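Protein chains in written order, with the working numbering: chain A, 1 to 399; chain B, 1 to 399; chain C, 1 to 266; chain D, 1 to 266.
Everything labelled a hint here was simulated from the structure, so no lab data went into it.
Source: prediction; values computed, not measured.
Careful, some of the hints might be misleading.
[To be verified] Between beta-carbon pairs, the in silico distance windows are:
#1 B:S230 with A:V277: 56 to 64 Å
#2 A:E256 with B:T329: 55 to 63 Å
#3 A:V166 with B:A152: 26 to 34 Å
#4 B:W56 with A:S59: 35 to 43 Å
#5 A:D192 with B:P167: 46 to 54 Å
#6 D:A188 with B:D192: 51 to 59 Å
#7 C:R12 with A:R51: 53 to 61 Å
#8 B:P167 with D:A131: 48 to 56 Å
#9 A:T370 with B:H299: 54 to 62 Å
#10 D:A79 with B:A398: 29 to 37 Å
[Claimed, not checked] Listed next, the stretches of chain A that the computed footprint assigns to chain C, with coverage defined by at least 3 CB atoms under 8 Å from CB atoms of chain C:
#11 164–177
#12 180–186
#13 243–254
#14 284–292
Ideal placement from N, C-alpha and C gives every residue a C-beta, glycine not left out.
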Amino acid sequence: MEALALRDPSAAPVAGRFGRHGGRFVPEPLIAACEEVEAAFTEAWADAGFRSDLAWLLSRYAGRPTPLTPALRLSAELGVTVLLKREDLTHTGSHKINNVLGQALLARRMGKRRLIAETGAGMHGVATATAGALLGLPVTVFMGERDIERQAHNVFRMRLLGAQVVPVRSGSRTLKDATSEAMRHWVSATEDAYYCVGSVIGPHPYPWLVRELQAVIGQEARHQCAEQLSAGTPDQVVACVGGGSNAAGTFAGFVETPARLVGVEAAGGAGAALGEVGVLHGFQSLFLQDEQGQIREAHSVAAGLDYPGVGPEHAHLRDLGRAEYVTATDQEALAAAVRLARAEGIVPAIESAHALAWVVRAAGTTDLPTGSSVLVTLSGRGDKDIATLMAYLGDEEAR
Amino acid sequence: MEALALRDPSAAPVAGRFGRHGGRFVPEPLIAACEEVEAAFTEAWADAGFRSDLAWLLSRYAGRPTPLTPALRLSAELGVTVLLKREDLTHTGSHKINNVLGQALLARRMGKRRLIAETGAGMHGVATATAGALLGLPVTVFMGERDIERQAHNVFRMRLLGAQVVPVRSGSRTLKDATSEAMRHWVSATEDAYYCVGSVIGPHPYPWLVRELQAVIGQEARHQCAEQLSAGTPDQVVACVGGGSNAAGTFAGFVETPARLVGVEAAGGAGAALGEVGVLHGFQSLFLQDEQGQIREAHSVAAGLDYPGVGPEHAHLRDLGRAEYVTATDQEALAAAVRLARAEGIVPAIESAHALAWVVRAAGTTDLPTGSSVLVTLSGRGDKDIATLMAYLGDEEAR
Amino acid sequence: MTTLETRLRRDRGRKLLMPYLTGGVTPDWTDHLRAIADAGADAIEVGIPFSDPTLDGVTIQEASDAALARGASTDGVLADLSRNRIEVPVVVSTYANLALRRGADRFCRALAEAGVQGLIVPDLPLEEAGATSAAARAANVDLALLASPATPPLRLREIAERSRGFVYAVSLMGTTGERRQLAASAAALARRLRGVTDRPVFLGFGISTPAQAAVAARDADGVIVGAALMRRLLDGADPASTAGFVRSLRRALDGVPARTSADAGG
Amino acid sequence: MTTLETRLRRDRGRKLLMPYLTGGVTPDWTDHLRAIADAGADAIEVGIPFSDPTLDGVTIQEASDAALARGASTDGVLADLSRNRIEVPVVVSTYANLALRRGADRFCRALAEAGVQGLIVPDLPLEEAGATSAAARAANVDLALLASPATPPLRLREIAERSRGFVYAVSLMGTTGERRQLAASAAALARRLRGVTDRPVFLGFGISTPAQAAVAARDADGVIVGAALMRRLLDGADPASTAGFVRSLRRALDGVPARTSADAGG
Ligand SMILES: Cc1ncc(COP(=O)(O)O)c(C=O)c1O
Ligand SMILES: Cc1ncc(COP(=O)(O)O)c(C=O)c1O
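Model the full assembly from the supplied sequences, consistent with the hints where possible.
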């Protein structure tokens, strides 16, 4: 019963719950809006027409299916078979597009006239700006001032795509605060605006809805593993976890298999690994917080992982013991990004590099024994991170 | 007989000629190296094993096939059906990867121990750096100093991928000079190094070899058009032309159809449209030059089109009247890039935007009548050009 | 009937006033508390600052940040309240995480021990309020629920029924913060609420001036004024001047007949 | 037999010297030309500068750029040569585009009219040289072909056969430019060439010092010295000092026995 939502992926979790997590902790003015989204998505998701419109966009526009690439040189170096699920090859360069195309179609179906979104690394912002341009819906993106500075490349992309980027100056000036600000704005605009949440966070139905839209990652990967691996499924399935959408989408394809599921968080933003039960941004889950309940600021070189919480489904999977949550440091992630670039010719997003960093660390230990196979979701490409990676490389080489 | 190379795409042009163009105008020390590449490619291209290795990399690693996306909003605005062949979705973000994977496999088959390449926009350099990393071959990329400045993003990418980027300070400090410098370096390194040429230029066998490797664009597009267009083929097929590789690869799929073939050059680098017969970089073709035969410097906001010549096959197609070559200005290309971003959520490379710019200009005229269909190859994505596009937008908005 | 309910009766013969004050916002915040109490408040809403006040506009965000920067915490604010008992009932408002973090039971008991009589948790809607509601009742603290202009009729009725102490009518679709005009949605919501409950209906959010308070009070039993007060406080107002502002609100409300046709509902 | 062939005979009894000079590189370049001719050159290679000298290293690139910046052109260089006839034969070297641009026939006739006796076009290999070769012959200009260390035996023979005036042996796999040492490939190539032809074999590329010239001349009939001379000229040497350098080369060559075992071939 607890894991119901996972077993029948198309069914909404009961009362928006994943075990004890999830829910809809929003101020009353947002209740109707959440209900409206829930009803619309429930209906749309059961509508073959909606699904085929989405499938059309995913394949004709966004470049799905994405390949599953065996990382041959890295595998040889590590002694484990590493398969990369290539979300970096999607249009706009990260898995965020899967979610956003679905939500933008939903918004249009609901008769909404514009989109709002929060963004951390800017990938969700770019994806939303993209979907907005494609469907003719104006887009407003809330982004922490600190993230605006460190992900300038994506800020430019959003503006080029015609989106308005609103700097958020409160709190840690990162994803957490951008999310708060997006919710504040949404309260005042529920009639007109559709809030396009960027991860498996937020009030019900978002964690479920976003997971459903990202499940395409895991479904494709599952089939591809069946073709490419003699065992049919990988021994381990690894993805980075910010809010947890690429991980949730990946895990959705493997939760019924014997594969071990591993979510890798930024050491400085490890809601699932180090957080405690709390409520923020409309849902109950695990959050970094002090004993009084004040939310702690996350700190990660990966803007997309710089979030103190984790989606409720992950908190639940951790409760169940079905998935494990581990961390990788900034240094480990940066080193893993450069390593993948040089071993395989793929420059990953620093977010995605966290998943790799754990694989690099664990390979050959009991955590990831020699000879085992591991699927790693490369959630995005590193173009947005080139400056950060170069600075890191400069430091390394200066040593 | 003249167009033989096009009719039977797998046959090498006789004596490396496309009509009166092409050839092998290299200094004697490079003759043996060119012959070695020719022999190796001829043999490899006839080898099903080589072809299947390449096909494997193209699909499993590089994300082929790329979609053919109908640009719905733009089509409605222009009154013509615009289909976009999405090379921007390939790994590394441009069609250059198609060519480079083939050549890197060839280099390995030939027992070469490293790769050298010239680059303009940096996309070919990034692609070569990528293939080198993937196959474990060190890479040296020659790049004009001016291009290093304006395509800094790609310079960083190459370095991250482990390639050495050598600044070229001679002449116009752009693609032309980088090509000269790569040839100079090649002369001294033919034993060890494979010269991975980035477009359908250079001495035989390169214009043929690169065309063959890029023909996958046209072949896929041809099939996709057959599925998507009721007429089966588009009325027009348009691609930007620097050296001409994405255009040659695209045209290869349509040269036997009734489709009109249009190559769009940068107004300031229009070898095919405005050049005269000449010899440079090992081949005879059309080049911008003065009455004495000194090569003129090209000037384009698109570093990848900033080349005074054009591949010999294009010169030949122009001679035959089978393809037409037109130009687009910097301003038109920049405007078209922003227009595509805002209408379709796709930020194209400024190079590719030249092809679109012509479509925008021609739509509704006798050149591209209302109601007709046009296939446009989007040769690459605009991530490398974000700064340039933002500056342009800033100027526009300031007006 | 709880003390709060006794004090905030509809039939007290005047329009009710509940100023809002962020706990710990300044070193002398309890002086403001007392001054405001003495200036004619019928109850005072005391915010326990939260790191991520998603329903608050810039002014109260700033107040929360200032309080947290000063080291304000649940324990600290409650200790201050405990040491500074006032005659006027205190209603604590905060976000769900601060309540759930220590467990709803412990949290509500701590409130009661500090003399707090009511509780507002804006991000605990009907569906999520069950446990906290029970805990509050056990501790003899009134958990007031919020209604909004977007709340449909049946739900409105249920909110009114399950709300304790009073019903908080969020006057507009938006965050806290001053507004030039009272939202058009305010009167309609207050009337709808008064049509389904006997509990006092307080309009809050965006009521910025005595004039606006008076207009709001035509349809509601009382008003809550937060940002307008906190802006003054953040700008450096001393307890005498915050009290002065509260008095001006009091006067404006006293000009509104306490029993109007608003009783007929909306 | 053309004049060039007469002058550059293997059996002239001394090792032959062909300095290289970029046409138009300085305003007084023809003074250098004359001074060099008088300093013991057996022929002079005069480069017509091209915008994209892909086979040249930095020094000759710099010289070409300097000449072009001064407005040098095919017409200009030929006019200068025409006005400054020297006793020593002149061999023009340039890139294919400059020859093909005006048509090989017109180009070769213009050379002949300017008194030029030979032609080197490094980017016209055997396969592409046909038309230019015929045009040169018609104009009584010798088109010398290049051979390289990588040229296989049969091709070497054909190059030697179709070359006129002399055969240009590219001493190394690389561009023009000074080198610290004579390339190991030089001697072997010269020997191979002398084994298949009676035409004089000139080693060029990278011969930088009189000592290197002497070593090169052991296996070849003559040497071409370009970058080493042009560097001096670009550094500001006057005609007397370029001539001095050429004399030092001459002396070094004169120390090498004119008929050595090299005749036996490699
Ligand atoms: C490339 C990439 N990967 C991962 C993430 C983290 O998001 P999630 O945990 O929802 O997949 C982001 C967020 O911006 C991202 O851009
Ligand atoms: C995106 C893109 N398009 C087009 C070109 C031009 O090359 P070609 O004409 O060979 O396709 C380049 C070259 O760098 C490029 O990067």
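A quick look at each hint next to the structure:
For the pair S230 (chain B) and V277 (chain A), the beta carbons lie near 58 Å from each other, so the given range of 56 to 64 Å is met. About 57 Å separates the C-beta atoms of E256 (chain A) and T329 (chain B), a value consistent with the hinted range of 55 to 63 Å. Restraint check, V166 (chain A) to A152 (chain B): a C-beta distance of roughly 28 Å satisfies the suggested window 26 to 34 Å. Distance hint for W56 (chain B) and S59 (chain A): a CB-CB separation of about 21 Å, inconsistent with the stated range 35 to 43 Å.
As the Cβ distance of D192 (chain A) to P167 (chain B) is approximately 52 Å, the hint placing it in 46 to 54 Å holds. Taking 51 to 59 Å as the suggested C-beta distance range, the pair A188 (chain D) and D192 (chain B) does not conform, at roughly 20 Å. The hinted window of 53 to 61 Å between R12 (chain C) and R51 (chain A) holds, with their beta carbons roughly 58 Å apart. Taking 48 to 56 Å as the suggested C-beta distance range, the pair P167 (chain B) and A131 (chain D) does not conform, at roughly 38 Å.
Hint check: T370 (chain A) to H299 (chain B), Cβ distance near 57 Å, so the stated range 54 to 62 Å holds. For the hinted restraint 29 to 37 Å between A79 (chain D) and A398 (chain B), the CB-CB distance of approximately 52 Å leaves it violated. With a threshold of 8 Å between beta carbons, the proposed coverage of the segment 164–177 of chain A by chain C holds, since 4 of its residues qualify and at least three are required. Taking a C-beta to C-beta cut-off of 8 Å, the segment 180–186 of chain A contributes 3 residues in contact with chain C, enough for the three needed, and the coverage statement holds.
Counting residues of the segment 243–254 of chain A whose beta carbon lies closer than 8 Å to any beta carbon of chain C gives 0, which falls below the threshold of three, so the coverage claim is violated. Counting residues of the segment 284–292 of chain A whose CB lies closer than 8 Å to any CB of chain C gives 5, so the stated coverage by that chain holds, three being the minimum.
When the structure is compared with the earlier hints, violations turn up for hints 4, 6, 8, 10, 13 and for no others.
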